[in-house]
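Participant: Listed below, chain by chain, are the residues.
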Amino acid sequence: MLKKLLYICLLLLFSVTSAAQNRFPKPDFESGYQYPEITYAVSNEVVWVWVDIILLTFLMCIAAWAVLKKRTRKPIVWISVISVAYFGFFRSGCVCSIGSIQNVSLALADSTYILPIPVLLFFILPVLFAFLFGRVFCAGVCPFGALQELVNLKNYRLSKPVTAVLGMIPWIYLIFAILYAVTRSSFIICRFDPFIGIFRLGGDIGLILFGVLLLIAAIFTGRPFCRFICPYGALLSLFSRVSVWKIKLTQKPCINCELCHNACPVDAIRPPYENRVKETRQQGVRRIISYFIILPLMILAGAFLMRSVGSHLSRANKDVRLYNMVISHEASPQDIPSVELEAFYGQGGTIEALTAAYENIQAGFKLYSTLAGALIGLVIGITLIGLSVKRTRRQYEIDYAGCVACGRCFGYCPQNEGKIEKLCPTQDKG
Amino acid sequence: MEKNENRYSPISRRKFLQIAGSAIAGGAILSVFGGLMYRAKMRESSYYWQIDPQKCTQCGRCQTECVLPVSAVKCLHANKVCGYCDLCGGYYRSNVKELNTAAENLMCPTGAIERKYVEDPYFEYTIDERLCNGCGKCVKGCSSFGNGSLYLQIKRDLCKDCNECTIATVCPSDAITRVPLAAAYKLKE
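Residue numbers (the working numbering), protein chains in the order written: chain A, 1 to 430; chain B, 1 to 189.
I should point out that these hints are in silico values taken from the structure, not numbers from a laboratory.
All C-beta atoms in this analysis are idealised placements derived from N, C-alpha and C, irrespective of residue type, glycine included.
One or more hints might be untrue.
To be verified - Okay, derived cross-link-like pairs now, DSS-like style, lysine-lysine, Cα gap no bigger than 30 Å in a straight line:
#1 B:K155 / B:K55
#2 A:K26 / B:K15
#3 A:K248 / B:K15
#4 B:K140 / B:K186
#5 A:K318 / B:K188
#6 B:K80 / B:K41
#7 B:K160 / A:K26
#8 B:K137 / A:K70
#9 A:K160 / B:K188
#10 B:K80 / B:K137
#11 A:K26 / B:K186
#12 B:K160 / A:K318
#13 A:K154 / B:K188
#14 B:K186 / A:K318
#15 A:K154 / A:K69
#16 A:K26 / B:K137
#17 B:K188 / A:K246
#18 B:K116 / B:K140
#19 A:K154 / A:K390
#20 A:K26 / B:K155
#21 B:K140 / A:K318
#22 A:K318 / B:K137
#23 A:K390 / A:K278
#24 B:K155 / B:K97
#25 B:K80 / B:K140
#26 B:K15 / B:K55
#27 B:K55 / B:K140
#28 B:K155 / B:K116
#29 B:K97 / A:K318
#30 A:K26 / B:K97
#31 B:K160 / B:K55
#32 B:K15 / B:K155
#33 A:K160 / A:K278
#34 B:K15 / A:K252
Stated by the list, open to error - Label pairs and their computed distance ranges (CB to CB):
#35 B:V70 / A:N256: 54 to 64 Å
#36 A:V51 / B:A23: 48 to 58 Å
#37 B:G27 / A:D319: 33 to 43 Å
Required output: the full structure, derived from the provided sequences and hints.
Facilitator: Here is the structure:
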């Protein structure tokens with residue numbers, strides 16, 4: 001009887017301490033058995049990360065030297081090959097500069113988030129180079145751009161309205177990526193990355209298909225991903241617009257031959273344009289005032305719209321989903337709980353703590369989606385204004401925001417240095 | 001008229017905008033870099049995804065959610081925690097009719113657990129990493145009936161160090177977090 005009681009007590013004790021999980025004592029071996037020594041491989045990531053950063057800087061320096069000083073495309077092709085091979089296939093495209101936007105914006109919004117220094121460098125170095133030399137990162141150092149550049153054969157031009165509408169996508173994508181990053185919901189740039197599956201030779205089949213479609217499109221028109229999707233390209237275009245040193249089409253006077261315009265894969269060379277609309281000073285002032293009215297209206301409308309859908313957007317957050325699950329489970333407890341609920345109750349989570357977290361996230365979403373809406377309104381407004389502003393150009397000019405420094409135009413320009421001698425090598429002697 | 005045009009020539013205005021834009025852009029780069037660098041210097045950056053075995057609920061998502069075709073999550077075995085049981089909850093399925101090593105009686109769907117006789121009641125278990133797919137079935141068995149010496153962990157040599165671990169986004173117990181290099185593995189000892 002006493003033994004039975006003791007047994008029950010022991011059982012109870014075991015069930016209580018099951019978290020410690022020492023149900024069975026350590027065996028004492030008599031045969032001289034030794035525990036095997038197991039070491040787990042830690043790959044030399046630290047070294048690789050610094051190799052990445054040094055190579056990134058080195059390749060960007062070469063690209064800047066090639067397009068600004070030597071004015072030739074040849075090194076860019078080699079940089080593209082190296083980048084696709086190393087950053088793409090060997091390093092599997094992670095951590096990339098495009099995705100680092102999210103880490104940096106999260107670190108700026110939330111001081112508890114620890115931003116690794118390599119990620120910060122991956123973010124800031126291409127921005128710095130864009131500020132100094134233009135988008136030399138896009139030229140071929142970015143494996144995504146390089147991959148599209150290498151398959152590009154034809155430059156079928158899209159019409160201007162289509163380009164303008166599609167050109168807004170990167171900005172809106174950037175705004176949503178930052179919105180979801182700062183609210184700690186999801187890193188959408190990483191999640192919907194079309195080329196990572198190709199580099200890793202496996203992954204989500206839908207995204208790989210999308211990546212392949214983009215690559216097929218890239219054969220016929222230059223860099224569809226860079227122009228119409230890439231949020232980092234949108235960010236870099238801001239800096240390259242005001243860059244310190246700028247790429248020049250030719251050092252000799254332009255003869256308006258149109259060859260560079262046809263060669264540009266990203267449609268970043270604007271043809272000469274004669275603005276025939278003569279408006280009086282009063283009309284001009286009226287136009288500017290209308291811009292200043294339209295722009296704030298767009299911003300306000302965007303902010304209002306996004307604020308009203310903020311709570312729907314918050315469903316992307318894990319805690320919000322869990323809160324909704326817990327609420328619906330509390331309403332009907334007879335349903336079989338999902339693994340999330342099992343984990344929540346298993347870890348002794350309380351609804352009070354979850355509600356506090358939920359309200360915190362909702363407040364964050366309200367604030368940040370309002371800001372995001374304002375920015376979306378700003379982007380759409382500026383795009384519309386940009387479409388309506390007409391400027392007279394006498395020569396072919398580079399649109400520095402769109403130029404990806406691929407250097408294709410240099411080879412086509414008949415005024416470029418060395419070109420004439422190459423075409424008629426005997427001219428000097430004769 | 002011509003003089004007037006020169007005075008308000010668009011080039012100088014554009015140049016002014018250019019310089020102002022450059023100053024703003026340069027200032028933004030410097031302040032972001034400086035601020036984040038200062039903050040990053042203060043703490044050791046944690047960079048490597050790891051599973052906290054204490055939090056893990058063996059939901060099985062590690063097997064399916066990893067970006068790799070075969071998950072980088074593998075089962076590890078802490079020999080010093082193991083009871084070397086004959087009737088191993090991680091090796092055999094529960095309620096099997098006959099205790100033999102036929103595949104239908106075994107927990108592991110890929111046959112990655114090797115069992116070796118040591119001495120009378122004791123058996124040694126090892127995981128063949130090449131076969132393990134990180135499903136966590138054995139971990140569940142061992143945690144429910146044994147000492148919990150089997151546990152899931154992200155293998156550093158296989159992990160791609162994604163910016164955001166796709167398993168972490170769906171992990172029901174938030175067991176996957178970033179750790180510093182010094183603690184690259186959260187091991188059970």
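Participant: All hints are to be evaluated individually against the structure, with a verdict given for each.
Facilitator: Taking the hints in turn, this is what the structure says about them:
no.: 1; hint: B:K155 / B:K55; result: 18 Å, holds
no.: 2; hint: A:K26 / B:K15; result: 79 Å, violated
no.: 3; hint: A:K248 / B:K15; result: 16 Å, holds
no.: 4; hint: B:K140 / B:K186; result: 18 Å, holds
no.: 5; hint: A:K318 / B:K188; result: 28 Å, holds
no.: 6; hint: B:K80 / B:K41; result: 38 Å, violated
no.: 7; hint: B:K160 / A:K26; result: 36 Å, violated
no.: 8; hint: B:K137 / A:K70; result: 61 Å, violated
no.: 9; hint: A:K160 / B:K188; result: 61 Å, violated
no.: 10; hint: B:K80 / B:K137; result: 21 Å, holds
no.: 11; hint: A:K26 / B:K186; result: 22 Å, holds
no.: 12; hint: B:K160 / A:K318; result: 23 Å, holds
no.: 13; hint: A:K154 / B:K188; result: 58 Å, violated
no.: 14; hint: B:K186 / A:K318; result: 24 Å, holds
no.: 15; hint: A:K154 / A:K69; result: 27 Å, holds
no.: 16; hint: A:K26 / B:K137; result: 23 Å, holds
no.: 17; hint: B:K188 / A:K246; result: 57 Å, violated
no.: 18; hint: B:K116 / B:K140; result: 21 Å, holds
no.: 19; hint: A:K154 / A:K390; result: 29 Å, holds
no.: 20; hint: A:K26 / B:K155; result: 27 Å, holds
no.: 21; hint: B:K140 / A:K318; result: 24 Å, holds
no.: 22; hint: A:K318 / B:K137; result: 25 Å, holds
no.: 23; hint: A:K390 / A:K278; result: 11 Å, holds
no.: 24; hint: B:K155 / B:K97; result: 35 Å, violated
no.: 25; hint: B:K80 / B:K140; result: 18 Å, holds
no.: 26; hint: B:K15 / B:K55; result: 59 Å, violated
no.: 27; hint: B:K55 / B:K140; result: 12 Å, holds
no.: 28; hint: B:K155 / B:K116; result: 24 Å, holds
no.: 29; hint: B:K97 / A:K318; result: 42 Å, violated
no.: 30; hint: A:K26 / B:K97; result: 28 Å, holds
no.: 31; hint: B:K160 / B:K55; result: 23 Å, holds
no.: 32; hint: B:K15 / B:K155; result: 55 Å, violated
no.: 33; hint: A:K160 / A:K278; result: 23 Å, holds
no.: 34; hint: B:K15 / A:K252; result: 22 Å, holds
no.: 35; hint: B:V70 / A:N256: 54 to 64 Å; result: 59 Å, holds
no.: 36; hint: A:V51 / B:A23: 48 to 58 Å; result: 34 Å, violated
no.: 37; hint: B:G27 / A:D319: 33 to 43 Å; result: 36 Å, holds
The structure does not agree with the numbered hints 2, 6, 7, 8, 9, 13, 17, 24, 26, 29, 32, 36 stated previously, though it agrees with the rest.
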